[in-house]
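> Take a look at the letters that make up each chain.
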Amino acid sequence: MQYLLLIYSNESAAPDTASPQFTAGMKAYTDFTKEIKESKNLLGGNRLQSAATATTVRVRDGKTLLTDGPFAETAEQLGGYYLIEAANLDEALGIAARIPGAQWGTIEVRPVYPMQQSA
Amino acid sequence: MPSSLSEQVGRIYTDERDRILATLIGMLRDFDLAEEMMQEAFARALLQWSESGIPSKPRAWIVSAARYKAIDRLRRDAVFRAKFPDLQRTVERAGEAENPLVFETEETFPDFPDDRLRLIFTCCHPALATEAQVALTLRTLCGLTTEEIARAFLVPTQTMAQRLVRVKRKIAEAAIPYSVPPAETLAARLDAVLVTVYLIFTAGYTASSGEALIRTDLCGEAIRLGRLLVSLVPNQSEPAALLALMLFHDSRRATRTDVAGDIVLLEDQDRSQWNRASIEEGVEMLRSATTGEANGSRYVIEAQIAAIHATASRPQATDWARIAALYGELKRVAPSPVVDLNEAVALAMLRGPEAGLERLAELERSGRLAEYHLLPAAQARLLEKLGDRQSAVVHYRRAIALARNDPERRFLNARLAKVSSPSVFY
Numbered sequence: 001m002q003y004l005l006l007i008y009s010n011e012s013a014a015p016d017t018a019s020p021q022f023t024a025g026m027k028a029y030t031d032f033t034k035e036i037k038e039s040k041n042l043l044g045g046n047r048l049q050s051a052a053t054a055t056t057v058r059v060r061d062g063k064t065l066l067t068d069g070p071f072a073e074t075a076e077q078l079g080g081y082y083l084i085e086a087a088n089l090d091e092a093l094g095i096a097a098r099i100p101g102a103q104w105g106t107i108e109v110r111p112v113y114p115m116q117q118s119a
Numbered sequence: 001m002p003s004s005l006s007e008q009v010g011r012i013y014t015d016e017r018d019r020i021l022a023t024l025i026g027m028l029r030d031f032d033l034a035e036e037m038m039q040e041a042f043a044r045a046l047l048q049w050s051e052s053g054i055p056s057k058p059r060a061w062i063v064s065a066a067r068y069k070a071i072d073r074l075r076r077d078a079v080f081r082a083k084f085p086d087l088q089r090t091v092e093r094a095g096e097a098e099n100p101l102v103f104e105t106e107e108t109f110p111d112f113p114d115d116r117l118r119l120i121f122t123c124c125h126p127a128l129a130t131e132a133q134v135a136l137t138l139r140t141l142c143g144l145t146t147e148e149i150a151r152a153f154l155v156p157t158q159t160m161a162q163r164l165v166r167v168k169r170k171i172a173e174a175a176i177p178y179s180v181p182p183a184e185t186l187a188a189r190l191d192a193v194l195v196t197v198y199l200i201f202t203a204g205y206t207a208s209s210g211e212a213l214i215r216t217d218l219c220g221e222a223i224r225l226g227r228l229l230v231s232l233v234p235n236q237s238e239p240a241a242l243l244a245l246m247l248f249h250d251s252r253r254a255t256r257t258d259v260a261g262d263i264v265l266l267e268d269q270d271r272s273q274w275n276r277a278s279i280e281e282g283v284e285m286l287r288s289a290t291t292g293e294a295n296g297s298r299y300v301i302e303a304q305i306a307a308i309h310a311t312a313s314r315p316q317a318t319d320w321a322r323i324a325a326l327y328g329e330l331k332r333v334a335p336s337p338v339v340d341l342n343e344a345v346a347l348a349m350l351r352g353p354e355a356g357l358e359r360l361a362e363l364e365r366s367g368r369l370a371e372y373h374l375l376p377a378a379q380a381r382l383l384e385k386l387g388d389r390q391s392a393v394v395h396y397r398r399a400i401a402l403a404r405n406d407p408e409r410r411f412l413n414a415r416l417a418k419v420s421s422p423s424v425f426y
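Line order of the protein sequences matches chains L and C.
Using our numbering, the first residue of the first sequence is number 1, and each one after it goes up by one.
Using our numbering, the first residue of the second sequence is number 1, and each one after it goes up by one.
Treat the hints as calculated values from the structure; they're not laboratory data.
We put the beta carbon where it would ideally sit given N, CA and C, even for glycine.
Watch out, some of these pointers could steer you wrong.
Okay, the calculated beta carbon distance ranges per label pair [what the hints assert, rightly or not]:
1. C/Ala172 <-> L/Thr30: 32 to 38 Å
2. L/Ala72 <-> C/Ala334: 34 to 40 Å
3. L/Ala52 <-> C/Arg169: 44 to 50 Å
4. L/Ser50 <-> C/Ala172: 56 to 62 Å
5. L/Met1 <-> C/Ala254: 48 to 54 Å
6. C/Arg151 <-> L/Thr74: 47 to 53 Å
7. L/Leu66 <-> C/Asp191: 45 to 51 Å
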């Protein structure tokens, strides 16, 4: 089973990139990513640029509508994700709880829809 | 006269249904399919057993027949195959499609392991909403119909049906495992199971609205689940303590309301009518839960409090000092404003109404029980004892406005009428 782990946190409360907190957070992420790579759970993942850089796209009646900003204005913003392979939800939830951002933000765990393997 | 075959099959259904279903869910990995195949297997049993007689292992027979039916459908029906690709794979891996079970040699049926604990942990998985856990537990482990569950929780049948569809879909699509959790998470997961069972009990014990105060069915089902947990997880104290707690509450069922359906307070109940067998079983369960180290976990403490009430021969014999001390402990283990309220009442019994009112005033100032009718009701009762009838009236009125069901309102109105009546002296 594949699961997408969506990492949400409050961007405005994030530590400054020059602060020791930020460095510690980066190290925690590097260590965690290495761990789930070694345990063969990691399929992919990235940190995202801030929600302020987001653009939303909708096509209505053939016209493309662009909006500056994320899909929804929320207290916590999507800041990154991991795509993992796990035996079941319990394993996925266990991995999600180990994401450093779970300590201050929120992780949403979504099972990936299994597409039929076509030739 | 021996009972008829259909009666005997009916008894087997009642006794073995949840265990058969648990095994089939484990095999077929689908709640609805497992139930459908079980129904078909029972239908087939009625036909076949009328000729061959009831087999020596009826449960194993039903499980095997249901599995055979599923495999048979899998081989014949392409739509069915597409709908259950996991089942198809499982069967192929096991090589069972080539080797269907032979019904004539039922002695060779394996004794399928008891899968009910796996089923309980799946139904009460913390990734499922609480109301979904309750509904699924009642549907699968207790065999209540969707209509019955809907009626018990006062929601339309359609709503309950959708809730059950959604929860089964989440289990399948998010791959919630069908397993007993590993040792390191067992305690936390068991706690979620106990919360769900107790929720079923309390829903039965106090209807949240409407006319009936007690919905016996839910209490009975919760106690049955409690007994099942005690038998399946024998080395843990919490299931035994929860069962004891439910048994103590349930022992008073007949005396909690009078013939008119009105509430009778604990101190006014006819203690000779309390169910002795339930109390004795509760005492026994509590003893087994408290052997070993003196552990003060939530259900153990609550059961100890309930035991003091259940074993006091008359209200005056109640050990309020011990009860107040236990509420103090409970506050540390499982803090809640309702525990604070109960502790205040115990202190009032121990040291007098003023001591209780002081605590209740603190609680009122905190605003944490602003919607709870029992706070002003408790205040009214203590004010009444102090002879402050005017304040008591004010508090009874406040309690009546917050009461959740008709018996509570009737009870509080009766107290209000009594305290307002000038002919009664305190």
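> Report the numbers of all earlier hints that the structure fails to satisfy, in ascending order.
3, 4 and 6
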